[in-house]
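Enquirer: Residue-level listing of the chains:
Protein chains: 2
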Amino acid sequence: MIAREPATLLDEARAGSRPALARLLSYVESAGASQREVAALAYRAPAPYAVGLTGPPGAGKSTLTDQLITELLARAHLGEYAVSDVAVLAVDPSSPFTGGAILGDRIRMQRHATNEHVFIRSMATRGHLGGLSLAVPDALRVLGAAGFVLALVETVGVGQMEVDIASAADTTLVVTNPGWGDAMQANKAGLLEIADVFVINKADRAGLAETRRDLEQMLDLGGAREWRPPIVETVATTGAGLEELLGALDAHARFLSGERLKEHRRRQIAGVLDAVLGATLHARVRAISHGAAYEAALDALAQGETDPYQAAEQVLSLE
Amino acid sequence: MIAREPATLLDEARAGSRPALARLLSYVESAGASQREVAALAYRAPAPYAVGLTGPPGAGKSTLTDQLITELLARAHLGEYAVSDVAVLAVDPSSPFTGGAILGDRIRMQRHATNEHVFIRSMATRGHLGGLSLAVPDALRVLGAAGFVLALVETVGVGQMEVDIASAADTTLVVTNPGWGDAMQANKAGLLEIADVFVINKADRAGLAETRRDLEQMLDLGGAREWRPPIVETVATTGAGLEELLGALDAHARFLSGERLKEHRRRQIAGVLDAVLGATLHARVRAISHGAAYEAALDALAQGETDPYQAAEQVLSLE
Numbered sequence: 001m002i003a004r005e006p007a008t009l010l011d012e013a014r015a016g017s018r019p020a021l022a023r024l025l026s027y028v029e030s031a032g033a034s035q036r037e038v039a040a041l042a043y044r045a046p047a048p049y050a051v052g053l054t055g056p057p058g059a060g061k062s063t064l065t066d067q068l069i070t071e072l073l074a075r076a077h078l079g080e081y082a083v084s085d086v087a088v089l090a091v092d093p094s095s096p097f098t099g100g101a102i103l104g105d106r107i108r109m110q111r112h113a114t115n116e117h118v119f120i121r122s123m124a125t126r127g128h129l130g131g132l133s134l135a136v137p138d139a140l141r142v143l144g145a146a147g148f149v150l151a152l153v154e155t156v157g158v159g160q161m162e163v164d165i166a167s168a169a170d171t172t173l174v175v176t177n178p179g180w181g182d183a184m185q186a187n188k189a190g191l192l193e194i195a196d197v198f199v200i201n202k203a204d205r206a207g208l209a210e211t212r213r214d215l216e217q218m219l220d221l222g223g224a225r226e227w228r229p230p231i232v233e234t235v236a237t238t239g240a241g242l243e244e245l246l247g248a249l250d251a252h253a254r255f256l257s258g259e260r261l262k263e264h265r266r267r268q269i270a271g272v273l274d275a276v277l278g279a280t281l282h283a284r285v286r287a288i289s290h291g292a293a294y295e296a297a298l299d300a301l302a303q304g305e306t307d308p309y310q311a312a313e314q315v316l317s318l319e
Numbered sequence: 320m321i322a323r324e325p326a327t328l329l330d331e332a333r334a335g336s337r338p339a340l341a342r343l344l345s346y347v348e349s350a351g352a353s354q355r356e357v358a359a360l361a362y363r364a365p366a367p368y369a370v371g372l373t374g375p376p377g378a379g380k381s382t383l384t385d386q387l388i389t390e391l392l393a394r395a396h397l398g399e400y401a402v403s404d405v406a407v408l409a410v411d412p413s414s415p416f417t418g419g420a421i422l423g424d425r426i427r428m429q430r431h432a433t434n435e436h437v438f439i440r441s442m443a444t445r446g447h448l449g450g451l452s453l454a455v456p457d458a459l460r461v462l463g464a465a466g467f468v469l470a471l472v473e474t475v476g477v478g479q480m481e482v483d484i485a486s487a488a489d490t491t492l493v494v495t496n497p498g499w500g501d502a503m504q505a506n507k508a509g510l511l512e513i514a515d516v517f518v519i520n521k522a523d524r525a526g527l528a529e530t531r532r533d534l535e536q537m538l539d540l541g542g543a544r545e546w547r548p549p550i551v552e553t554v555a556t557t558g559a560g561l562e563e564l565l566g567a568l569d570a571h572a573r574f575l576s577g578e579r580l581k582e583h584r585r586r587q588i589a590g591v592l593d594a595v596l597g598a599t600l601h602a603r604v605r606a607i608s609h610g611a612a613y614e615a616a617l618d619a620l621a622q623g624e625t626d627p628y629q630a631a632e633q634v635l636s637l638e
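Chain order of the listed sequences is A and B.
Going by the working numbering, the first residue of the first sequence is number 1, and it counts up by one from there.
Going by the working numbering, the first residue of the second sequence is number 320, and it counts up by one from there.
No wet-lab data here; the hints were simulated from the structure.
Check each hint, because a few of them may be wrong.
What the hints assert, rightly or not - Label pairs and their in silico Cβ distance ranges: (1) B:Phe-574 to A:Arg-205: 48 to 54 Å; (2) B:Ala-621 to A:Gly-147: 17 to 23 Å; (3) B:Asn-434 to A:Gln-303: 31 to 37 Å.
What the hints assert, rightly or not - Computed from the model, here is a short list of chain B residues facing chain A with C-beta under 8 Å: (4) His-601; (5) Leu-617; (6) Asp-626; (7) Ala-631; (8) Leu-635.
Nothing here was measured: the structure is a model prediction, and the numbers come from that model.
Where a beta carbon is used, it is the ideal one built from N, C-alpha and C, also for glycine.
Bound conformation, chain A alone (with noise of 0.2 Å):
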C-alpha cells in the first residue's frame, strides 16, 4: 500500500472514502508525524456533535447504541443538527489488548454492518502521546472534518479515564441497570460530573423503582444545576423507551447550543490542551530519566548526599 498524505486522504474521506477516514483514524491513534499533521487539518474543522455512552459492561450499551443509530437516520436531526450519517466510536480503555476491538465488532456484526451512512470505529492507542484521552477528541476531529456532524462514543466504565474520554463528549449517557445501586454509589462524584441524561436499561427487570430513586436520591443530594440529568428507562432489546431516549438528548443537545454550546467547546479545548501539555512535560520526565545527569542524582541520593527536591532541581537546571 503506497502512503498518501493526510491531506490527500482527507479529501477522499470527505468525498465519501471509508477506507480513507478508516487510515486518518489509524494516524491519530499512533504517535509521531502523520498524527501531528492529521490533527494539523483536523482541528481546523468544527468538531462533530458528540454522544457519548458509558456504563460498566453487560448494561446493554451496544444494543443501545444499535437502537440509537436506527432511531437517529430515521430522524434525521438531534437538536438543531440535521443527521444524514452516523460515526461511532467504540473504546475499551480496561482492555489493552484487544483495544476496544469487542466493542466495535458487537456493534458491526448488528444490522448496520452494511448501511453506507453508518460508520462504526474501535479505538486502540498504538503510542499516542496522551493515550485514548487525546486520541479520542482527535479521532471526533477527523470525523468532523471528513463531514460528519453527529458522531456517538461509546466506552466502556465509569473510572478516570471514562470520565477523561466522556469529557470529549457534549451529551453523556450513562446506562444503569435496575440494582445497580452499589457501583452507583461508588462511583457518585464520578456520575454526576459527566452524565447529562440517565438511562436504565432492562428496565423490565426486578429493582426497577429502587434504582431510579437512588439515581433521584443522588442527583438531589447534587444540588442544583442548570440542567437536571433525565433518566428514560428502556428496554433496547425491544426498543422501549428509545422515543423517550431521544427527546431527552434532543432536549438536551438545544440545551447545549449558542453562548452555552461556544463556552463548553472552550472549556473542551482547553482540557485537551491541557492533556498535550502534561502529556509533553511527561515526556521530558521520561527522557530525563535516561539521562547521565538523573543517574548521578540517583547515586548521590544513595549516598544520603542529597534529597529528592534538590535532586531534581538540579536535573532539570541541566536538561
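Chain A is fixed; fit chain B onto it per the hints.
Expert: Leaving out everything else, chain B in the frame of chain A:
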C-alpha cells in the same frame, strides 16, 4: 509559639522531644520553604525499616497494628534490626477532610497512648507538591533522622494511591478477611505488586478456606518470584496468629537485606525522584495555564486557527 529552625527541631527530636518531631512532620506535610529545609536534613539520614499495612476499611488493620506494636516492643527486634521504639504513620488517602485523623485516633485510643516508646501520627497533606505519595516518604525519613529504626505505615484501600504509599514501605502486609474474594479479584494486579505478606484477619469467620485458596491461586498465577508472599491467619482481637505473623515479617526483613535491600532502596528513591520531577513539571503546567500565552492559544484553538499540539509547543516555547 516561636517558629524554630528545622535543624534545631531535629536536634530536639533526636533527644526525644515528641512535640519537636510532630512539628517536623507538619512541615513535610506542607508546601514551601520549611518542607524543603526539613527534607534537606532528613534525606541525609538513613530511612527506617518500614512495614506497611493496607487493606479495605473494616479489615481490622488498626487492631492488628495495635497488636504488632505490642509484639515488636516485647521482642525488641525485627530481622537484623534492634527495635526499642515504634513509630506509626496512619494514612487515609480516601478521606481528604480528616486527612487520616480518624485512623490515627483509632490506634491512639488503644493501649499505647501513654507508652513513651510508641509514636503515632496521622498523615494529612496540606498542599505538599506531590501529595501523600511524597509526604509519606518524607515523613519516614524524618522518623529515621529522629532515630527510629522501625516504622509502621497504615493505609486504607488498595487503589493506585495505596500502591504509591506501599512503595515507600519495605515489607507490605495486605490485610484481608474471609469472604473477601471478589474485592481481591478486582485488585489482583495491584495486590500482587505490593504484597509481601497476606494476612487473613478475622480468621475465625466463615469462608476462611475459600479465601486462602483464592489467595494461593492468585499467587500461583502470578508466576515465580524470589519471594512468595506467605499467607498468615490472624484474629487480631484475641492475638491469635500474631506469633506466626511476626515470624513472616522477620523472614521478609531477613530476605530484604544486604545487596537486595540496597537495590530496593535505590528503586524506592528513584520512585521518589520521579514523583518530584513529575510534580514539578505538573506545577509548571498549572503555572502556564494561568498565563497570557495560554489564553492566546485557547483563542486560536476556539477559532480553528491551530491544533492543540502546535498550540502546546508554542505555549511551552514562550515559557
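Enquirer: With reference to the structure, classify each hint as holding or not holding.
Expert: Status of the hints after comparison with the structure:
1. A beta carbon spacing of about 52 Å between B:Phe-574 and A:Arg-205 agrees with the range 48 to 54 Å that was offered as a hint.
2. A hinted range of 17 to 23 Å for the beta carbons of B:Ala-621 and A:Gly-147 is consistent with their spacing of about 21 Å.
3. For B:Asn-434 paired with A:Gln-303, a C-beta distance near 35 Å keeps the hint of 31 to 37 Å intact.
4. Because the smallest distance between the Cβ of B:His-601 and any Cβ of chain A comes to about 7 Å, under 8 Å, the interface hint for this residue holds.
5. Interface restraint check for B:Leu-617: the shortest CB-CB distance to chain A comes to about 6 Å, inside 8 Å, so the restraint holds.
6. Proximity of B:Asp-626 to chain A holds as hinted, the smallest CB-CB distance being about 4 Å (cut-off 8 Å).
7. Annotation: B:Ala-631 was flagged as interfacial toward chain A, and the flag holds, the nearest CB pair being 4 Å apart, inside 8 Å.
8. Because the beta carbon of B:Leu-635 sits about 7 Å from the nearest beta carbon in chain A, less than 8 Å, this interface hint is met.
Checked against the numbered hints given earlier, this structure breaks none of them.
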